[in-house]
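Engineer: Sequence:
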Amino acid sequence: MVSLLIEELGIALIMMHFITPSIYYVIARSWLRLGNGVGSDNVLDADPPFVSIIIPTYNEAKVITQKLNNIYMQDYPRDRFEVIIVDSGSTDGTIELVREWVKGHGDVNVRVIEEGVRRGKMHALNTALRNTKGDIIVVTDADSAWLKDSLRNAIAWLMNKDVGAVSCNKIPRTDKGIEAEYRNYYGLLRLAESRKFSSAIFHGELAAFRRDLLERVGGFPTDLGADDSHTAGLISIMGYRAIIPEDVKCIEYVPSKGYWMWRVRRAQHLIQHFLRFLRYMLIEGKDPPRDYRQIMLYESYLHLINPWLFMVGLIFIVLSAIHGALIPIALLLIGAALLANKFFRTWVMTQVILVVAAIRNLWNKELVWRKIEK
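Quick note on numbering: full-length UniProt numbering labels position 54 of the sequence shown as 54, and the sequence is numbered without any gaps.
Everything labelled a hint here was simulated from the structure, so no lab data went into it. Mixed in with the good hints, there may be bad ones.
What the hints assert, rightly or not - Each computed EDC-like pair below joins lysine to aspartate or glutamate, with the alpha-carbon atoms no more than 20 Å apart:
1. K161 to D45
2. K148 to D75
3. K196 to D247
4. K148 to D45
5. K103 to E114
6. K257 to E181
These numbers were taken from a predicted model, which means no experiment stands behind them.
Please model the complete structure; the sequences and the hints are all you need to start from.
Structural biologist: Here it is in structure tokens:
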């Protein structure tokens, strides 16, 4: 009797694990047919807003010159943006390279703030924010790249009064097929959620915020990761949209060494982000717009609960198979065969990463993380 109960429960959990995200995927695809819903005033006039671009750095000597060149080549007036480098105690000559670059590019305002010690990205961002002059604040990772029109297109969307934050579609540069496959599914959801109201997740490669809204939410959070996603979420709670439009694209460099630890750390930060938002909505009584609430509840379930259904269900099925139950044995054989499919393999690994990340958050939130070179 107990064995039969374990078998049935295991099958039910696995079915629920796969059915629920499939339903969300179908719903999200229907949102892609919606218009952007933010009017047609997302164009830049002859006097575009002044933009402050923040680049937090820690031992970025291998990439910082390339990053500054990438910003310099943007299709945006150079007298309408400044670059703030906030360095957290680099020891590899990062700042010296920045100053050398500045000597040959006098038409761009680049300022360097040296923290001296490493206190984490969020602390660095708030330090930089206090020293910016722009009406728009753009945060970008040093080890990423923009397309030539990325900045212009992002700022254009922020010209609409309903939009408070904009992020980018990520184009992964990697030799890992699992990451590219993951991005295909992940990217579609970000676009679809943006059509519905706001993306549940933002990206550090390019995250642009209206300064007035950023100040209203108190700057960047310092007690959890996913500073980009969480800040965009707070802006969305206030009724402004935080979107990832189709025409804002960035290149994401994916590490070859330390890839799995990099994935776990990112998952940890997203879990922190969704847990905090559940607290806002279910305990503190914050009332986000209805469409955004729907998105956040779906995504919270997918990140916080659904991976555990898979793991617990798999354990029950394995236990039943050990005791000779035929259906669990058949399911395990089917699952093993499906691992040859790239999408299924990517999905399973993502669930494992989320479970590992949730466990690791119990003792280490990775707010100041070990640098992984890309």
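Engineer: Each hint: holds or not?
Structural biologist: Quick rundown of the hints versus the structure:
1. A distance of roughly 15 Å separates the Cα atoms of K161 and D45; the hinted pair therefore holds under the 20 Å criterion.
2. A hinted pair counts as satisfied when its Cα atoms are at most 20 Å apart, and K148 with D75 qualifies at roughly 6 Å.
3. For a cut-off of 20 Å, the pair hint linking K196 to D247 stands: about 17 Å separates their Cα positions.
4. As the CA atoms of K148 and D45 are separated by approximately 18 Å, the hinted pair is consistent with the 20 Å bound.
5. Distance restraint check for K103 and E114: the Cα-Cα separation of roughly 18 Å lies within the 20 Å cut-off, and the hinted pair is therefore satisfied.
6. In summary, the hint linking K257 to E181 is supported, as the alpha carbons are separated by about 19 Å, within the 20 Å threshold.
In summary, the structure agrees with every hint in the numbered list given earlier.
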